[in-house]
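Please build the complex by placing chain B on the supplied structure of chain A, with the hints as guidance.
If you want the building blocks of each chain, they are given just below.
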Amino acid sequence: MSEQALDHLKVLELCNFVCGPYCSKLLADLGAEVIKVEPPRVGDEARKRGPFLNDIPHPERSGLFLYLNTNKSGITLDIKTTKGRGILKELIKKANILVEDNPPKVMKELGLTYRELKKINPRLVMTSITPFGQTGPYRDYKAYEMNLHHAGGEGYLLPTQSPDLTREPVKAGGLVGDCICGLSSAIATLAAAYNLNETGVGQYIDASKQDVLMTMVLLEIAMYANMGIVRNRLERPLLMPIPMECQDGYIMISALTDREWQDLVKFMGNPSWASDEMFSHWLLRQTNGDKINPHIGEWAKHYKKEKLFQQLQENTLAAAPVNTSEDLVHSAQMEARGFFAEVEHPEAGKLRHPRVPYKFSETPSKVKRAAPLLGQHNESVYCGWLGYSKEELVKLKESGIV
Amino acid sequence: MAGVQQRRVGEVKRIWDRIGSEIVLMRTAALEGVRIADFCWLWAGAYATGLLALLGAEVIKIESMARVDPSRKMTLTIGQAFEGVDHSPVFNSINLNKLSVKLNLKQPKGVELAKKLVQISDVVTQNMRPGAMDNIGLGHEALKEVKPDIIMLSSSSFGAEGPLRRYGGYAPSFAAYSGLTHLTGYSDAPPNPMTGSTDLMSATTSAFAILAALNHRQNTGQGQLIDLSSVESLAVFTGDALMDYLMNGRVRSRRGNQDDIMAPHNCYRCRGDDKWVSIAVSTEEEWQAFCRVMGNPEWTRDEKFSDTYSRWKNRDELDRLVTEWTVNYTHYEVTEMLQKAGVAAMPSLSNQEIFSNPHFKERKLAVEVEHPVMGKQVVLGAPWKLSETPAKVTKASPVMGENNDYVFGELLGMPGSEIKQLIEEQVIY
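Chains as they are written, first to last, in this note's numbering: chain A, 1 to 402; chain B, 403 to 831.
Don't read these hints as lab results, they were simulated from the structure.
Please read these numbers as outputs of a predicted model, since none were measured by experiment.
Be a bit skeptical, because a hint or two may be false.
Short, incomplete list of chain B residues facing chain A, as computed with Cβ under 8 Å [to be verified]:
no., residue
1, LEU453
2, GLY571
3, PRO595
4, GLU764
5, LEU767
6, VAL769
7, VAL771
8, PRO774
9, GLY777
10, VAL780
11, VAL781
Computed beta-carbon distance windows for the label pairs [claimed, not checked]:
no., chain 1, residue 1, chain 2, residue 2, range
12, A, LYS93, B, ALA468, 18 to 26 Å
13, A, ASP263, B, VAL548, 31 to 39 Å
14, A, ASP140, B, THR732, 34 to 42 Å
15, B, ASN716, A, ASP140, 28 to 36 Å
16, A, HIS58, B, SER708, 19 to 27 Å
Note that the Cβ used here is the ideal one computed from N, Cα and C, for glycine as well.
Chain A on its own, in the form it takes in the complex (with noise of 0.2 Å):
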């Protein structure tokens, strides 16, 4: 019986930075065999962002890199050589899927089209990532994470409860815009790949970056087809949740129901304010929100967030404290869960990375190998996957393909 979800699946990445490396690195958490195909000498562009390991820049030692490439093999190929594409060839012969994230543009130009692909591997699964998909007007347009956050509708509406709009939208923070699109990408390769099982029959994947973001505030968007409100991200007099401030930090509660509401009440101790007649119904709480949040926040900068958080939990309410990267790294929850986990690597030593947000009962997520320095697995698998004596290798090295 395999040991991880995922080890029956050969993956081929050809992607850079943050979108399509995550979408891979999903795979490679849950088993798949991933390989890496780098740019010779230059290697992928999060090498060379930070955070660095004690801030100072190393193509080895990139945090985001080293987080992103967990258990991939990495190897080295210039593909834009004619040989170079030849070798990829032989590799997407082995291969179930092939991720990858390039211009359309750029696939086209080199020949690396499914169409191609397909008569060298009919049973390929091909995913590609792109901003704004194989189609359509924009479809050669460039956007960084940002642009596709604003272009995906949630920019707009970011901060929420903003007091006017005189200051810009902005986009989500960390890497959620890329993340999410490589996460949603591996959805349609993993359903790709199952229907490949049953059928044998490989296919092409055009996941769209902004159409991604677009689902992901669906909601907001349907809204204004069905009820033709239109959004921005002004106040709302909408009752909490928003952040609260402490003593030390914020907190986010939410009593949205009539029983959390009397729970919220109760634990406040009863103060005179909320028995007030436009406070009895969630609905008019809701409308009243404006009039509410300035009590609790009166309130909650009594307390310090941590305690106050566990407090009102243990009262069944939905509280949590805004946490830092800081708070999460101590906090026992995720220690418990071992959500962190250490990982030895040859040139940044011993690191603690964050893991997978699921546990599988039979088949755990593992942390097999570090991520891979520049070129480290060109012997492994191109003598092992493709057979090449060393002497080749080596001529291929030479020539600066490999």
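Showing chain B alone in chain A's frame:
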């Protein structure tokens, strides 16, 4: 003689190929034949199985008048209540293609019927507080007894293990705990909880995990329990910030649209009411192109903006100067000029603008469905195009209990009289 035989072999092979390809052609969806007994509710639960339903899984939503999915009745996003349980465009948007049965799990007979449904399903999904399903006799152990290779997804705020496992939460609270809220917003203003998107992101994570388990079961015959934490499903999106803390002890904070190294990298005001364009300049080549499009104004030659690092360091001043240019044009004009020159730019689109956007129309992400009660509804389908087994919106969301007859009658083979009896007993309720 040998020639005849060869011809016959050839004939048989042709027939076989034809039948083979017909069998293949009969399959139109990637997850055809996968049945999901869906005990999920609210957004984070509903959209997980919603995505799988778009890929062709038969998702049977197990609901009850004794415990109605709140998104059937109201939306907190805009503070609105809907009439009855079948008038919610919100519920409709995230429960497309699904079937619905009414089943009262507060009754022992309801639980027994639920088990029968699990017996004929491949996947069970639920997002109640950890322990709630066990308390009513529908925990993983109990379900494994009736269906040994069942895949069960249990999704909760903090996960089913650990000291906080019994704590509950909605999207704003699990986003807060995850660290994502702290990283969203202006650097000089409070943290921002984002929109309901965080619910759908957790849902997307669930759909991925289920698919991984389905692929494993297809390969080995083994089912399993997936314990998913919504907090963690968002925390993984902050990998750069977490690595910075883990490697360097640095605590990152929110910073609007800003990037680590790129500048310009922001939203800039354009002509019109609350219109903005996002512009991101990465390479020197892009910077030069950007300057050309602006008509190479004097300030672009200032030493303060002479290289990537200087531009980043002086980004506030740079942003002010860029705005002086963008305010003269619409966000679409700026986008077009810059894209033509190879510079990344896109308008910050409102939900209204999206519907008149030519690219959006061409991609056909929005489709119309006929809802039995609400009539025509516009919904968003799947964000990927699969060449052989396209993900499709095949029907609107189900009205409450729409498929009682099909599921209890056809799938479970219960006679009409028994169904009627159970309706009277408020088991099918």
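Hint by hint, here is what the structure shows:
The beta carbon of LEU453/B is positioned within 8 Å of a beta carbon in chain A (closest approach about 6 Å), and the interface hint is therefore held. A least Cβ separation of about 5 Å between GLY571/B and chain A falls short of the 8 Å threshold, and the interface hint therefore holds. For PRO595/B, the suggested interface contact is upheld, since its CB lies about 6 Å from the closest CB of chain A, less than 8 Å. At its closest, the beta carbon of GLU764/B sits 4 Å from a beta carbon of chain A; the interface hint therefore holds under the 8 Å criterion.
At a threshold of 8 Å, the smallest CB-CB gap from LEU767/B to chain A is about 5 Å, leaving the interface hint in force. At about 11 Å, the closest approach between the beta carbon of VAL769/B and any beta carbon in chain A exceeds 8 Å, and the interface hint on this residue is violated. Among the interface hints, the one on VAL771/B is violated; its C-beta lies about 11 Å from the nearest C-beta in chain A, farther than the 8 Å criterion. Using the Cβ-Cβ criterion of 8 Å, the hint placing PRO774/B at the interface with chain A is not satisfied: the shortest such distance is roughly 15 Å.
Hint on GLY777/B is violated. Least Cβ distance to chain A is approximately 10 Å, over the 8 Å limit. For VAL780/B, the suggested interface contact is upheld, since its CB lies about 3 Å from the closest CB of chain A, less than 8 Å. Hint status for VAL781/B relative to chain A: holds, with the closest Cβ pair at about 6 Å, below 8 Å. Checking the proposed 18 to 26 Å range against LYS93/A and ALA468/B shows it is violated: the Cβ atoms sit about 56 Å from each other.
The beta-carbon spacing between ASP263/A and VAL548/B, approximately 37 Å, falls within the hinted interval of 31 to 39 Å. Distance hint for ASP140/A and THR732/B: a CB-CB separation of about 21 Å, inconsistent with the stated range 34 to 42 Å. Judged by the Cβ atoms, the range 28 to 36 Å given for ASN716/B and ASP140/A holds: they are separated by roughly 32 Å. The hint said 19 to 27 Å for the Cβ distance between HIS58/A and SER708/B, and at roughly 26 Å that hint holds.
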